[in-house]
Amino acid sequence: MSRQVLVVTIASVLVGVVVMAMATRFGSDPNAVVSPLVGTPAPALDLPYLEGNGSVDLAAADGEILVVNFWASWCFPCRAEHPVLLDAADRWEDAGVRFVGIVYQDETDTASAFLDEFGRGYEAVTDGGGRAAISFGVFGIPETFLIGRDGNIAGVVRGEIDAEILESALQQLLLADATAD
Amino acid sequence: MPRRLGALATALAAVVLAVMVFTGDSSAGDRGEALGARLRCPVCQSESVADSTSQTARDIQSLIDEQIAAGSSDGEIIDFFVARYGEWIVLDAPAKGRTLVLWILPVVAAGGGIAVIASRRRRGASAVASEVIEEDRRDLARQVEMGELDDAAASKLLSTYEAETKAPPPQPTSSRGSRVAAGVTVMAVAIGAVGFAVVRSSEARPVGGLLTGGIVDDGPRDLSNVTNEELEAVVAANPEVIPMRLALARRYFNEGDFSAALPHYLAVLEKEADPEALANVGWMVYLNDSPDTAAAYLERSLDAAPDYTQAQWFLANVRLFGLDDPEGAAPLLRQVLATNDVPDEVRQEAESMLAEATAS
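So the protein lines, in turn, are chains A and B. Take 32 as the starting number for the first sequence in our numbering and just add one per residue. Take 24 as the starting number for the second sequence in our numbering and just add one per residue.
In short, the hints are calculated from the structure, not lab data. There may be inaccurate statements among the hints.
Which bits of chain B does chain A cover? Going by a derived footprint, with three or more residues having C-beta under 8 Å, they are [stated by the list, open to error]:
#1 76 to 87
#2 131 to 137
#3 256 to 270
Where is the CB? At the ideal position from N, CA and C, for every residue including glycine.
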């Protein structure tokens with residue numbers, strides 16, 4: 032009988048250890064999906080304005096720091112982060128940071144209504160056929176991509192952007208940029 | 024027997040692997056759909072692009088179809104999506120790196136399970152067999168004793184019984200075995216649940232975990248290659264970041280452009296009593312013919328950083344030449360001279376100043 036107890040205990044402890052090891056997720060957060068695009072050139076896209084004629088050529092923006100935000104009127108976190116982006120776009124404009132909002136799977140009129148309600152402060156463009164979202168490897172909005180003056184994607188913020196994260200990321204991008212050449 | 028078991032386990036492993044490898048969707052008629060079935064829908068829960076009805080999946084499917092029409096190979100199309108979404112987008116875990124475990128583990132577990140079951144059966148059967156033989160042996164001995172059988176007949180009968188019991192019918196698993204198995208399962212689930220909860224609750228989430236990418240805080244940077252104009256723009260955009268402002272002010276100060284340096288140093292001093300800002304403002308004030316105010320700045324700098332050689336050197340100058348205080352200057356000059364990395368011209372000047380201070 033004592034042998035049975037020993038076997039049960041050892042086996043249970045072994046299984047427990049394996050489960051605990053699995054629970055550590057080997058130090059990685061499965062929710063944090065790392066974008067393979069970081070460090071690679073941003074997709075060269077020419078996207079038409081949401082309102083009015085003309086388009087934004089992301090490739091031609093080379094030399095500027097770009098903040099590319101994917102949003103939609105149906106996306107609740109997008110409502111929460113919109114004031115953060117508007118404020119940052121205003122404050123960072125003089126430092127050569129350009130904000131572009133890409134409307135994701137939305138109708139033109141509802142997207143415009145969103146801007147009527149929450150305010151305009153930077154360019155809004157549309158993404159026909161979702162090609163821009165696929166090019167940027169967007170999982171779900173909101174997602175914000177930071178592109179350095181070298182045209183490479185420097186970082187991705189998945190989910191609602193936080194003023195502090197955006198601020199610190201832009202500061203570091205500017206510093207990296209200022210010390211680059 | 025163990026060799027046969029090993030062979031059986033290997034054969035089973037091979038079959039399992041072959042099934043896993045070859046039951047892809049390559050048989051699907053439509054190539055685009057087959058490719059869609061191999062890709063994970065980014066906005067769904069464990070659903071393929073082909074199975075999902077989401078807008079994103081439809082966009083991806085139409086892009087796949089376009090790429091097929093443009094003559095891309097299956098590998099090129101899969102690579103296109105992997106380059107944007109990572110290996111995650113491919114539904115089959117690659118048989119390499121960390122996910123290799125997912126391929127190996129089932130085979131190892133199946134082989135181990137088969138080995139355990141076979142050995143239990145063998146052990147159970149042989150125990151029963153030896154018990155039966157033992158009983159036969161006792162019966163035969165009794166019959167020989169009672170004269171019912173002679174020795175030769177008994178030993179012949181015994182070898183017949185032994186031969187018969189060598190291949191006994193399979194025995195059902197003992198109830199003891201199932202109790203052990205049940206015990207292991209219950210305790211394992213309990214320990215596992217507790218362990219999982221403990222690890223999950225004690226694990227700290229990474230700071231700024233949502234931000235992925237190359238932007239990391241890796242300390243102060245080398246600002247030597249930046250023009251003054253660039254640095255001005257950075258400082259203007261980041262008024263709260265002191266190291267950048269200090270770097271810019273230091274640059275103006277070293278260039279002798281005091282009118283440009285002063286506002287930045289004063290802006291720093293509004294935030295904190297930085298020794299460098301205090302010392303350099305003190306020196307600029309001294310050069311502006313205000314030795315008393317200058318000395319006050321420099322003393323504050325040394326309060327903040329008593330070993331700051333630049334402040335010692337400036338204050339020695341202010342005291343000796345501005346305030347006519349050789350006694351106050353001498354100890355500072357000795358401190359400067361005791362410092363190792365003082366430039367030669369400063370050392371020579373400090374020596375002559377110390378001679379002058381102590382002579383008077």
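Note to self: For the region 256 to 270 of chain B, count the residues whose Cβ lies under 8 Å from any Cβ of chain A; is that count three or more?
What the structure shows: Check passed, 7 qualifying residues.
Margin query: Three residues or more, CB to CB closer than 8 Å: is that satisfied between the region 131 to 137 of chain B and chain A?
Written below: Contact hint for the region 131 to 137 of chain B vs chain A: violated, 0 residues under 8 Å.
Next item on the list: Check whether three or more residues of the region 76 to 87 of chain B sit with their beta carbon closer than 8 Å to a beta carbon of chain A.
Entry: Check passed, 6 qualifying residues.
Hint 2 alone, counting from the list given before, is not met by this structure.
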